[in-house]
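A.B. asks: The residues making up each chain are set out below.
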Amino acid sequence: MEMTTGSVYTCDGVAGEQHRGEKMERRPGKTTHARRNLFGPVDHEQLQQDFQHMLRNSIEGAQQKWNFDFLRDTPAEGLLQWEELEGHEVPTFYHSCVVGDAWRPLQHLDGPLGREDKIQHFARVALTEKPKTSKKTGGKRILEGNKRRQTSLTDCYSAKKRVKTNVQAAAKKSTS
Amino acid sequence: MELLCCEVDPMRRALPDPNLLYDDRVLHNLLTIEERYLPQCSYFKCVQKDIQPFMRRMVATWMLEVCEEQKCEEEVFPLAMNYLDRFLAVVPTRKCHLQLLGAVCMFLASKLKETIPLTAEKLCIYTDNSIKPQELLEWELVVLGKLKWNLAAVTPHDFIEHILRKLPLPKDKLLLIRKHAQTFIALCATDFNFAMYPPSMIATGSVGAAICGLQLDDGDSLTDLLAKITNTDVDCLKACQEQIEAVLVNSLRQVRQQQQQSNPSKTVDELDQASTPTDVRDINL
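Sequence lines, in order, name chains A and B.
Quick note: the first sequence, position 133, residue 227 per my numbering, numbers continuous.
Quick note: the second sequence, position 49, residue 57 per my numbering, numbers continuous.
Only chain A is shown next, with the shape it has when bound in the complex (with noise of 0.2 Å):
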């Protein structure tokens, strides 16, 4: 499998590959050729305009799917049933996991008190199937493990919403 490329390479077959994983300035004049802006300069604000834009979309898609409000962590209405598990239920690996600080679990946005402790306790919400939807019958396992991906791409929100969430909710309990 190895990969050939050319007599360019031969001199430095060896910095080359310590070059893997390691900082491009290592290997200087090598990087220069292929380095290069193709289409001109880059719109970020257009850039992340268009990708809240799909994440929102296709949040929305896998609501549908799936009937289960993925911001909120909620089962919505639709043809599946969802059914809580507690976290010592199901395998570990279908926990969220913390990578470094990045991970914040999700909010609702105005859902029912007390969930935000939950969350953590609670491993997510196992499916268990109605008669009806029984294309669908993946079992839990692929179910959750669909889950939890959609957790991640939630996660992407941004900080604000859970901010105002986290009031939301916090109001709502007061007067629940």
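One or more hints might be untrue.
Subject to a maximum C-alpha distance of 25 Å in a straight line, what follows is the list of computed DSS-like cross-link-like pairs (lysine-lysine) [to be verified]:
id, chain 1, residue 1, chain 2, residue 2
1, A, Lys159, B, Lys156
2, B, Lys236, B, Lys181
3, A, Lys159, B, Lys140
Derived from the structure by calculation, the hints contain no laboratory data.
Guided by the hints, dock chain B onto chain A, whose structure is given.
C.D. replies: Relative to chain A, chain B alone:
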């Protein structure tokens, strides 16, 4: 004093697995599932407004150069192009975001196939810092979503060993044939005309072109045998192989033009850096 010998490839690789390579069930399964990973449509006609075929070639050439310079595994580039085509077949994309998309696709393909994958930072540097690592990571999610997380696409490389072992070939030429076939596969991935072809056909055509190029063939029987191995229609296969050879000729012509245009005092090696897949100029047609 330590004596270090660094001439060995530091990447540890598993030996070829006979259970995977010498079992026809694997080949049959590959043939059954390969169509699932083809782009849904010829997207320049029906999806894209801002992007033209020559832009795909530009971004593909750049991706190939990055993969060669970073010594990526051979499959990374065709796999990344598969992601790119599948994404473009469903999402209208702006021209100025195309390079970011190419970088994201390499990022994903490299993570799937390599022991030490390309880093986001490195890829951003290759775009001349026109994108930021954060943007790359964000778009990674978008691309994954649009590909429905189906990343383990079948590529022409998956078929090479299955085809080669069924051909009566001189053992000492096998390495060279394989290398040339891989080069042809990379060449096909840069050309949009091949984007809708099943990987098995590209693989079969590439092996055929490699064998013919090395003048190891014995007429029509090779094509018939090749067609049988991957259940390809003989005429389709012939057409495909001719197309591959035409792309090579074109590509070589471009290299020569570039050489003439640039400083003639430079050596060939300096000039033909990766705008054409390596080894192409060694192939005799």
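A.B. asks: Which hint numbers does the structure go against, in order from smallest to largest?
C.D. replies: Of the numbered hints given earlier, the structure breaks just one, which is hint 3.
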